[in-house]
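Protein chains in written order, with my numbering: chain V, 1 to 208; chain R, 1 to 670; chain S, 1 to 370; chain L, 1 to 442.
These are computed hints drawn from the structure, not numbers from a lab. Computed from a predicted model, the values in this text were never measured in an experiment. Where is the CB? At the ideal position from N, CA and C, for every residue including glycine. Treat the hints with caution; some may be incorrect.
Distance windows between CB atoms, simulated [what the hints assert, rightly or not]: (1) G215/S to I70/R: 54 to 64 Å; (2) G149/V to Y423/L: 36 to 46 Å; (3) L27/V to W627/R: 40 to 50 Å; (4) A127/S to G438/R: 45 to 55 Å; (5) V205/S to E413/L: 45 to 55 Å; (6) T412/L to L216/S: 36 to 46 Å; (7) L27/V to L80/S: 43 to 53 Å.
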Amino acid sequence: MADTAVAPATGHDAHDDHGAHHTSTGLSNNKLAMWMFLGSECLLFGGLISTYMLYRGRHSENLGPDQVWDIPFTSASSFVLLMSSLTMVLAVSSAHRKDDRNTKVWLMVTALLGALFVAGQVYEFTTFYREGLGFTTSLFSSSFYTLTGFHGVHVTVGIIMLTSLVGMIGKNRVPGDKAETVELFGLYWHFVDVVWILIFTLVYLIPA
Amino acid sequence: MAIIERPTDTPAVVSPDAAPAVATPATSYGVFRRPVETTGWKSWLFTIDHKKLGIMYGVVAMAFFVIGGIEALLIRLQLAGPDGTVLSADAYNQMFTMHATTMVFLFVMPMAAAFANYMVPLQIGARDVAFPRINAFGFWTFLFGGLFLNTSWILGGAADGGWFMYAPNSSVAFSPTNGVDFWALGLQITGIASLTGAINLIVTVINMRAPGMSLMKVPIFTWMIMVVQFLLLFAIPVITVALFLLMFQRSFDATFFSVEAGADPLLWQHLFWIFGHPEVYIIVLPAFGIVSEVLPVFSKKPLFGYPLVVFSGAAIGFVGWGVWAHHMFASGLGPISVAVFSVATMAIAIPTGVKIINWVMTMWGGKLKFTVPMLYAVGVIVQFTIGGLSGVTHSVAPSDTQQTDTYYIVAHFHYVIFGGAVLGLFSGLYYWWPKMFGKMLNERMGRWNFWLTIIGMNLTFGPMHVLGLQGQPRRMYRWTENRAGEGFFNIGFWNLIASIGSFVLALGVLMFFVNIYVSHRKGTQKAPLDPWDARSLEWITTSPPKEHNFDRTPTVGHLDEFFHRKYEDRGEGDHHDYHQVATAEEIVAEEEAKGDSHIHLPSPSYWPILLSLALPIMAYGVIYNIWLIAGGAALALLSMYGWGMEPHTAPDDDYDPPAAGTELEVAAHG
Amino acid sequence: MFTTGAVASLAGTVAYGVLAEGTMGTIGLVSATVALATLAGIVIFTRDANVFADEPDTFDGAAANAARPGASMWPFALGLAVTTMTLGLVTYPAIFILGAILFVAGIAEWILQAWSERASADASHNAEVRSRLAYTAEMPVAAAIGLGIVIYSFSRVMLGVPSKTSTIVAFSIVATIVLILGAIVGAKRSITAPKITALFAVSGVVLIGGGAVSGLNGERHIHEHETTAYIAAKDECGAEKTYADKHASQTVAGKAGNAEVRLTAAGTLVHRKPGDETDRSSALQLPRSNANNLLFRNDSDEERRLVIDLAPDYEGSPPRICTTLVDPGGVQLITVNFAVPSFAPEITDIGGYRFYVPGVSSAELEVVVP
Amino acid sequence: MSSRTNHDRTISDGSHDAHTLDRVSAVNPRRRRRIPGIAAAIGAAIALSACATDAPQDTWQPVGENAQKIHDLQWPVFLTAGIVGVLVFGLLAVTVLRFRDKGQAMPEQTHGKPVIEYLFIAIPAVILAAIAIPTVGVVMALADTDDTECVINVTGQQWWWEYDYEVEDDGTICGFAPTAAEAAPIVTSGQLVIPADTKVLLRGTSRDVIHSYWIPRLNGKRDMVPGRVHYLRLSSETPGIYAGQCTEFCGLSHANMRMETIVLEPDHFQQWLDNELEPYTSPEEGTLAAAGEATFITQCSRCHQVNGLVDDRGTDDPDDDTLVVSYPDQFVYSGAAPNLTNLMGRNTFAGATFDLLTDECRADVWEADPEVFGERYLAGVTEDCLNEIELREWLRNSPAKKPMYADAEMLTETDGKTRGMPYLALSEDQIDELIAYLLERK
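Model the full assembly from the supplied sequences, consistent with the hints where possible.
Below, the structure is given as structure tokens:
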């Protein structure tokens, strides 16, 4: 840990300056907090993934995982989510260039791609349900829907945050540093993407 | 830094069609006018001052302590004689479930949070925590979660599955009242509080230390709090998953713990104890921190082996993740797992032992003064050692299969939690009381308080060792003469002693409340600035501290900064000769004189408490009516946006705290 | 506005009465018309509806100095809401709820606007005051609605397309369009905000349209997947492969079952219990009324399934349980709950409990339930 | 057993608690007497109490092989812990007495010496390593099941235990061939009967929630988890009755879920086995017990199985007789109720919660010497010894006697199935008949 205690003992000017946060590590509080939060989220998904891995083979006389998966479709939707990470990067870089217009544009595109992903998930769940895989059908189905559902909720919350951020940038109502705020959202978004890659590999690709 | 956050007028956007870059102070971009009261009930309700929140944490935790204590007394009354009839079987099961839940989640953890909130910013020379509004949110969420949990008593019965809530006994078929739902949702809510608190305090300690305070100069209490927050950060999500599974099982007919669907009930146990074991350290490490603060002060010596105590604290935190299955030695893990976890559990005794030895060595060669906080600290060493050694006896897995789920375990963890954590917290209360309230707690009453507590706890929990080794299982609403035996070790006699002891203990705790009354009567003296000849930063300010904590952000050169400002070593070579060069009053006066010219504190806010309020509403919704969830969610969403758009300080009401004796220049903003 | 509403409502009533012939519906609509007409009458009588049509001089000077209230869409929204709610009352509850939401939102916005316009004489300050409160509510609602439209419409479109393959195509096309449009807008700074808004509006309409068309067109038919429960009920737990056996699982992430039943390469069934690591071909004793988790391991070199017949016609118990076809070397979990003991007449009648493997006549294992 | 003293136990237990002296003196009163004062007084008190029996679930009086292994491992650990405790407290006491503030100068402001610190890490590490090595050995030894001689299935449910004895491949039960009848699975409850000197493997599971099987004098506890099978080795050379209790919290009547393990000499076990497999005999016509049989069929047999019980009411043609099969799964949530075929062969009922024997008769069996224990146990419950008061109370209103979820109308979550035995509204006459009938079930 960088143990660099900056000494702002004399300067109150430093305090008033938004851009330069004087912290012991030089890392802004918000960013550090976001990293901590994401660390915590890792264990949340860790717990859910473990539950799923334990129960994936337990569906007794009901539908099993490989009987319902539509891998090509899920691959397409995974790709869309991955692309949204790319656009998020573009949004962050626009924000750092203080280009509000393109920040908004790329945030919106990210949100749209995310929404497409969620729509894909809704479609997928609907087909699974029609094929006979309800939430309470078996241990496998309960743990599958819980895991992917939690991820879906994370994406959805992310989208609402992104669109709101677009609105707030538009109305010029972002408290604090705009570029950093966008970057924080970006961190969250990338995390959600990475989790999906893990889920896609473990849940869909490895045969049960 | 958040506490001095305010908008600037520097345009942050170069886009040509953009309006004024950031709203100016004249045009607030919050929603409501900010609350600015500094006195009266509003100043408490909407406060984001870490000190006020700390005090509220403490008051609420104490209230829950009393509730949990009454539950314990009822349990002991029931077990005082054979075939007790004070409580029905059902009431008894609710009682011990809620006793444990209340004591762990609603007393010890928030009491530690009280000290963490109040002391950590002071100890590191900060003006507040990193995210003051999140701090307020954490407190209210904890309070509402605790109240929510306890409303189950009047809404059809509390949870009755034990605080460990093993599946499948927690399913609706086996626990048909809403008690378990209240339990699961209540813990989910308090979990949110702990998680936000953890992130907040970690960032605070890492990022907001005073200039010069490197990590190895951070006071030991703050260090332990940081370790605890990391434990919380990673433990809470695991229990969150478990509680979600339980909620889905009970409320939405999922099958996670339905054996008829092929479920494995051990899943719950693993998830619970992966959280539950770090939880033990979450409970006890803050008290270790307090003891490690108190002992050096009253020994007039620095903490022996400070770096080692820090590292052993971190090691306990780290190894604590690898021993959860020692709670499950009897649940049918394979012999390999049992052996591994058994050895790992023994390994964790090493850093724990290091702490005890370091405490004793701190006192060795010192100049010991047995004030009440010191008595409590020594009490911790003794009682915790007993708990630790009985812990070693059941780290031996085969031996544990004879002891687990008997009163021997009850004895063990009460020596650890009461003897370690609670006595430590009381030590902290006596030690920091003058700092927090400006009055000393009465020493005479304090001694009564201490000795009655110690005698009471040993009378209560000591006999439980005998009971357990004589084969009395836990969680039994009654015991019979048939299985009590005769002779010296008969179960009846020792149960009676334990019950009598519990009332002595209750009397001891009562003395604390009497002491508060006695010490705050009219006419009691104001506490001196530095009553204990203390060593750390929190004493370089007034008692109680001003709202902005320090007039000047202190610069730190030593681990025990305050001590080194007071004393000077004029000896040569191996000969030491310490002379007092300054009194506390002089040091504080100097700080005031050189106070920072303007200080901005974050303004109070409505949103944290509103957002917290939304959580129990949603939780009631899960139990009773799905539309309530929607209502709660709407309130939550509204609060989050209100919060998100609110600047950290109220532009119209910039607040410059007046400091006694010094004229502070009013902030000017162009 | 109320006048217009009353007229529209009257027209609606007549149309509904003629076309739908529902007594209750007609009564409801007539009531709405009467209510709206009454309101309209009051408004006209108090001249509240059209203050500025009258001479402004009749009002006192202070009011004249005040800023004119801006144009407002909320009265219209409120009227629309009332109409929708009425319509919902006689048709579908969902429409009523929609109307109710619109009603609440309209009232809230109207009050907010009215309140903020009286805040001060400074219009820009008033707008600021309004936005403080309004944005916190409007932004999340707008975000949620936008998200809802995309999710709902797009998922309907995908459910509507004729085949699984075309869902992938549709998905890819839409995503690519979004990406390309984003790139173009990002690169061309000449595209201004109104144009982007228009673009959004058009895509929104297209999306809703697509969703609506798909919804009306009906979803493509998705077959319910057959399961072994289904084939067992149809008395088809045979040696041959069924639809239920496609892509069946071959591993189980658990080991502590009550017993493992194994089909040996020699074509016999043996069992092995935890704590007793020897294969036995004698009767397998299992507790009654207990969810017995058994593992079936196929060590033969063909795909095989394990079957057991339970008590026929016994309440709460399926007549037969079978696994899917298990690959050579594969494992599958089977949970059997014996509700009736072996010595009960209904079981002795079927020759006792026994596991068997269709297609392998030598593979039989007696089960004793005490 | 009461008079048995155990040296190991004495040393190690004492090392740990405040009553160190007590235990030592209990064993060695003669030496204690020389010590004057309080110690002598305590010694005398303990010497007296040493004659008394300790609690039947005392974990420091191992009898079984595995319990002995555990004990041999644990007493040195207790001893070590005690010694460490004494050392730490001694050091602390010296520190407190020696360094209290007597006006001495401010001590040196030092953070200590690394050597001391490393030493204090090394010492506990060595001690713990010394404990860890045998621990791992014993863990492995306890898990060993290779030389099992007899397998018995144990199933827990709220709030009693069911045992069923499997017929081995060679047609024996636990290596004992039935003398007369053909071997068939035996189902009993509450009291587990095992032959002495036999390595018995319990294979346990549960029908509802997690329970834990624990007979402290024979072995440590093992959770019995629904959906899983866990095993536990029991064996003892000494015949006797060994008490135990469910130790995993299992709901309302957890405190009332008890069990005993009965160890019988081989001859006696053979006798017990033959008795269990004896064909059913109806009570003599016209007796109170015969009326009881009819009452049993109408009131009890829906849930409780009595093997071989035949319903021959209203017909003289033996071909019309129907075998009475219970269907507890229709009425009880766990799906099981105790098998009452040989109820009076056991001496407790309702999950071993209550005694079937009066206090005197109970003491005769429970405190019998190993040599005579088998006979006394196999005598079963006679009319004179029957604890009729409690059995009557139980039949009158069982949920009032033992807390259970027995009101079917309140149990929507379990489809009206009760947990435990419901209130049956039996008349006093019916109760008389049933008791007469049940008395013959042995």
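Do the hints match the structure? See the list:
A C-beta distance of roughly 60 Å is found between G215/S and I70/R, which places it inside the suggested range of 54 to 64 Å. The hint said 36 to 46 Å for the Cβ distance between G149/V and Y423/L, and at roughly 45 Å that hint holds. At roughly 43 Å, the beta-carbon separation of L27/V and W627/R lies within the given 40 to 50 Å, and the hint holds. Separated by about 48 Å at the C-beta atoms, A127/S and G438/R satisfy the suggested range of 45 to 55 Å.
In this structure the hint that V205/S and E413/L lie 45 to 55 Å apart at CB holds, the actual value being about 50 Å. At about 42 Å, the CB distance of T412/L to L216/S agrees with the hint of 36 to 46 Å. Take L27/V and L80/S: their Cβ atoms lie about 52 Å apart, and the range 43 to 53 Å holds.
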